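**Q** In case you want the letters, here they are:
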Amino acid sequence: MSVDKQNIESTSDKEIIAIKDMNKWYGNFHVLKDINLTVKKGERIVVCGPSGSGKSTMIRCINRLEEFQRGSLTVNGVEMIDDVKNIEAIRREVGMVFQHFNLFPHLSILDNLTLGPIWVQKKPKEEAEAIAMKYLERVKIPDQAKKFPGQLSGGQQQRVAIARSLCMSPEIMLFDEPTSALDPEMIKEVLDVMVELAHEGMTMVCVTHEMGFAKKVADRVIFMDGGEIVEQNTPHEFFDNPETDRLQLFLSQILQH
Amino acid sequence: MQVREFKPLPDQPAPLSSTGVIAWLKNNLFSSVFNIIVTIIIVSALVAVLPGVFDWLIFSANWSGSTQADCVKDGACWIFIKAWSQQIFYGSYPDGEIWRVNLSLLLLTVVIALSFTLPTRLRNKIAVPAFLFLPFICLLFLDGSNIGLKPVSTDLWGGFSLNVLIAAASIIIAFPFGFLWALGRQSDMPFARSVSVTCIEFFRGTPILALFFMGSVMLPLFFPADVSVDKLLRVWIILVLFMSAYMAEVFRSGFQAIPQGQYEAADSIGLGYWQKTLLIVFPQVIKISMPNILATFVMVFKNTVFLLVIAVPEMLQVIMTALSNSNWLGGHAVEGYLFVGFIFWICCFSMSLLATSIEKKLDTSHKN
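Line by line, the protein sequences give chains A and B. The numbering used here applies: residue 145 is where the first sequence begins, and numbers increase by one. The numbering used here applies: residue 63 is where the second sequence begins, and numbers increase by one.
Simulated from the structure, these hints should not be mistaken for laboratory data. Accuracy of the hints is not assured; some may be wrong.
Just a few of them, taken from the derived set where beta-carbon distance is under 8 Å, the chain B residues facing chain A [stated by the list, open to error]:
{"#": "1", "residue": "Gly206"}
{"#": "2", "residue": "Ile209"}
{"#": "3", "residue": "Leu333"}
{"#": "4", "residue": "Gly334"}
Please read these numbers as outputs of a predicted model, since none were measured by experiment. Ideal Cβ positions, reconstructed from N, Cα and C, are used throughout, including at glycine.
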């Protein structure tokens, strides 16, 4: 990699994401307050919390879709500094799946998938298409390759979005409420793909309210409120013995309905 | 518990009273007392006026002959248009060389047709470069002096073909310019942004007539004394800049219609700025802006008649010259102006039909 790896000595080779004292403001509004979080390679983290708690903002900082004003962030040994080359290098390591899929509507499914490999990784077209078909088969929709995003259901679009990220062979996958915009009948097909991905050892940071998913695959569950990390624990402890009253209230609210 | 099978109900045809000609008439023309009265008034007005109009235009019109003396009947004197038709379409372009104008127009038509019929991949490789080179090829060809043809001075170019070619040449070059200005306008770089905003606001805030006068009178002052830039070339530059400003604003509205998520998705797979702009944003902006792009084109095409104020012999200028010709004095103005209006209307109307069909085509192929 052509980017200077600062602080590489201080990062153990197991720690793939290290966030230290991260603070972010929108104007005068303090959205992230002293966030400290380390993620080890292969770890699956689920982040939950009420809306406006800063959970999406935090994971969007990890691939620099959002800037932060104070603190430091190291991804896969590369410290995030304010430099285009550096940002692009980090983005190549990190795949992201969005709430609203964000597929490119003017490109076919196959073109959506091959765009990154061809233009960013400079792979030949045939190779990129082979990779794309491999991942489309993994998310179980190889027969949709020639269609356009608008012709697919929400669940299928989200699976394509996951495949699109995987085509870049990222070290880390970020999920920003991947099932929130889906019909109830389609949530399962997306979660199944994510569970499979988790079992293959992918490092995942996932903002979601699917508590079943959290219990099944998470190594650690993080609860955020008011821009800070209130509590983090193993799923077992998190759900059965919440330490703070805030988390108890949150869990009672979401588990009641 | 017994499970009940769910059977969807079959579709039924709509009742006759809500479809068909009678229902349409009843709903649209005779739906209330007021509407009935309005319908009757309009129909009787049409009955009173139309026969006279058609009689003048067609039945009592003079069609055959070649001089003013042949116009003996009461109706329109189309002989006037016939006698001047070569001037109206080709200006003073030399007789033997008119094939060059026709070939330029044919090239334009072929390139437009290609851009519709070619599959996407070939279209980007063939039609787009062809479009960008077309104005320069036509320029070389019509001028002729650099490629061994008989040189034809731009003073002799004129007529309707000039309106078409200069409008097409302007919009083609204005396309990339406008896109760059629109990009510049929303850029983070202060220099690019201020240059773009200045250009856009200047050319959008100035009347095209004033710009033409500036182009013909002021622009030569900026060139060195021994360099004389052709008048038509200056007009072309003015039209390109004017058009670019409008296109930039058209594109800007297109940019604003692209969801933020598209940029974020492009960022998240690591595309650079130009890759993101050209591969993700540009195709979608074009699709969203298509109705406005064609509206702008129609506007520029119609604005080409303003060239007459600086004595460029475009179509309307030719008609006015013809009207003051001593052989044709005595009131053929109505025929002349009607004809100009009709030709422009035909062209603009077909462009708007084209626009509709493009929109439909873009709409079905990738709906979101």
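**Q** So, for every hint listed, does it hold in this structure?
**A** So, going through the hints one by one against the coordinates:
1. Gly206: At 42 Å from the nearest chain A Cβ, Gly206 (chain B) fails the 8 Å test, so the hint is violated.
2. Ile209: Nearest chain A Cβ about 39 Å off; hint violated.
3. Leu333: At 6 Å from the nearest chain A Cβ, Leu333 (chain B) passes the 8 Å test, so the hint holds.
4. Gly334: Interface hint status for Gly334 (chain B): holds (7 Å vs cutoff 8 Å).
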